[in-house]
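Student: Okay, here's what each chain looks like letter by letter:
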Amino acid sequence: MKRTSAVLEGNRNVYWRLTPRENLEFFASLHGINPAKKREDIRKLLSSLRLEEKTDTPARKLSRGMKQKLALAAALVREPELLLLDEPTLGLDVQASRDMERRVQELAEEGDLTILFSSHDMDVVEEVCDRVIVLQEGEIVVEDRVENLIDLFRAEGYSLVLDDSLEDAARSPLEEEFDLSFNPNQSEERTEIEASLAEPAEVYRLLERIEEAGAQVISLNRKQPDLEEVFLNIVEGGEK
Amino acid sequence: MRAKLLLLWGLLKKHVIELKRYFFDSLSGLVTIYLIFLLIFFGFKGFVSGPNFGNTVDGIVVGFFLWNFTLEVYSELSNSLIREARWGTLEQLYLSPEGFGWISFFQVLSSFALFFLVNLGFLYLMMFTTGRFLRLKPVSTLPIIGVTLLGVGGIGYFLGGLTLVFKRVESFLQIVQFVFIALVMFPLESLPLMKYLPLAHGADLLRRVMVQGKTISQLPLSDLIFLVLNSTIYFAIGYGAFKYFESIAKRKGLLGHY
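The listed protein sequences derive, respectively, from chains A and B. Mapping the first sequence onto the numbering used here, position 39 (from 1) lands on 39, and the numbers just tick up by one. Position in the second sequence (from 1) plus 1000 gives the number in the numbering used here.
Here chain B stands alone, though its shape is the one from the complex (with noise of 0.2 Å):
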């Protein structure tokens, strides 16, 4: 317990000065979906009028905001793999004790943490931009934001460990992205089996807690329940592919291979 409790607070300790040392880096990210952002929100306002359009904007603003974590947290197991294997500190992770899947489960809730500040500026920005200002409601968004990342959490294992063994998929892992920037904005009503995929259905919970101003205790108990169901069975495939690709990779010692 006081070993993984001392990996935390050192994958903490050492996102937090990266992110202080790359401080313009991390920006640059931001940037480009702000970018995005006020691109789909100001050609929308070109296209949509009348009185629906405060609800689809707002429902914009949720999805960008669901969507940053996503990124976050897809990317904090993929990516880094990637940038982890390049560097050569792959191997040395995979000598530690506590074993990588804790290594990975802390670094993603570590850099999750310290993204929630400052997604919650950029939620703020994208009000302002707007001028519509949505209800925050932490007790019932949190909560669904966690369910649903679980499931992203799933796909950025399942890639992840791709990258372990077919190295070169940096190009896929970028489209992938973008799947999940339509899977965040689609509305369900009129496509209701994407719920079965993961992330849209978090997306609608999320959008009718902070849009339509309901509570997670009126929303009804099948789609909580079914969220659960889909974000724990998303994340038990990809967490179980990622063990197989890793024995792979480790069998053929690709590990550190880039």
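Chain A on its own, in the form it takes in the complex (with noise of 0.2 Å):
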């Protein structure tokens, strides 16, 4: 791979003495590209990640999140085909944070680039990512497209909520049929269920055999689960 580029984890990756303009001309100098024609894109990328207004002031001067916004301009500058990102919004204020992530899907929309991400924040990876590799100890536990990590886990489950407290004697027989599990802590008047499905057909038999019982619902919800429930899934079950 001749073209790759990379901002590492923490806010370094880029020469503290020189300005955001100095750095970028340096770092496209070494990957053979002619600073002095990159003058206009080296404009654009500064302000596109809204860093114009400090072209010309030493790095070492701007807060954390703007040299975080450098080393990815630096990188990006170099033209690569791929790009690695190691915790890029590790430790940044809100706004870098949402600048970052905005840019970064940015560049993933665009086409061309590879990106390898890495980070611990699951949001972020929900949001930027196609496709998610969990390592775990060094091995790879699932490697995947992020809305198939997500269907897989979706797992047909629903919470819901009752008007009356059930008797033991209408709970057995839901319970057979059913994966079901009884809050054990709800109130008098209550009763409160997790279920878990085996298809989404299966919620109407469930609501049928409640109104056999004698209980009427209150609510019903759907459960989404997120990246980071099935990233805790993955790595507590050790797989899938």
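Bear in mind the hints are in silico, worked out from the structure with no lab data behind them. These numbers come from a predicted model, not from an experiment. One thing to keep in mind: the hints can contain errors.
Below, computed lysine-lysine pairings styled on DSS-like, alpha-carbon distance capped at 25 Å [what the hints assert, rightly or not]:
| hint | chain 1 | residue 1 | chain 2 | residue 2 |
| --- | --- | --- | --- | --- |
| 1 | B | Lys1243 | B | Lys1167 |
| 2 | A | Lys37 | B | Lys1004 |
| 3 | A | Lys61 | B | Lys1020 |
| 4 | B | Lys1004 | A | Lys38 |
Using the hints, put the two standalone chains together into the complex.
Tutor: Shown next, in the form of structure tokens:
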């Protein structure tokens, strides 16, 4: 792979003694790109990350978030085919972190560029990434598309609240037929149930049975797993 | 080729910027060296007198001139590696498709080119201080200085490689600077075996040119060949060791740590 760029963990990656412009010019020349022909690109790159006002300020005077954005700019000026981002939003304030995410997402959507993004922040990963690899103790545990992983754990999980406390006699046939768990700490007049069903259509049968038992459903929610839950499931379960 | 030139140009430009922006930092090192020079010069004046005094002082001036170059080349390879690792820019340099070997070579080259003028000024300062003026003879001195520094580069690479793997060796790096001053200053006649070490033989040849007024063609060919061999061997060993340490550092993921 000829053109690889990277933003590695921590707010380093760039020369603090140089200004953003000088940094970008230097890193361009490091990858055989003539900085004199990139002036306009460099200006655009800096303004797309909202650094244009700091173009000629030595990098050491920039805030942590700005330094990190500069590091991303320095990676991009090299016209990479593969971009490595190691925890790029770690320790950034909300605004800088958003800028960073937004820019990375734009890059991913523009195509041409493969981005390898490592992060502990599952919200960001879910937002930005297409495919996910979960590593545990250096081994690949899972490798799949983000939506597949979330689907995998969608698993038709529902939570229901009933208006009445069901008698044990009414509970056991339900428990035999479905995979349910009753909340033991519920109050007298309610029943809280977590159900995980084999397929979506089963929900109708479940509701019928509840009606037959003489209880009313106050609320029914389908659980929306996010990547964080998926991740925890994978890591704790050891496998899917 | 074009990419290499761009790289060299980029590194040179970065050097100029850093030099300008941190001018007084750069100057303070030279001031220290000048103070050491004054100390040795005036210390010497108290002990030695007679007909040999002038030649000895000239030898010291040549020694300092070469020592400055030596420190520049040496620190560009060893200290700069520590600095870049600490800044987190070392990995970035390693991502360049031109390879780190070329980068470090160009780094030395560009800093040498810039430092050359500074050190020339320093030489004049020393000559004014002592009141004795040496022969510059660039055609004879430049090749000797260049080849001698190649051997120094080998040592720089060796210790640079060490720092990649073992990190905290900074104080050791500083001690080596003073080993260099011994190698540069020591008169070879009194301990001929020293010529097998780096630097000493080159310093001796440089003194013969700058103090005794010989030209490079008047120096024995065998001495010149010995200088080339000595430097090449030290460079090859040093660079080989660097590549070895580098591979260890890469395997263990130590490049960016400091």
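Student: So which of the earlier hints does this model not fit?
Tutor: Failing hints: none at all.
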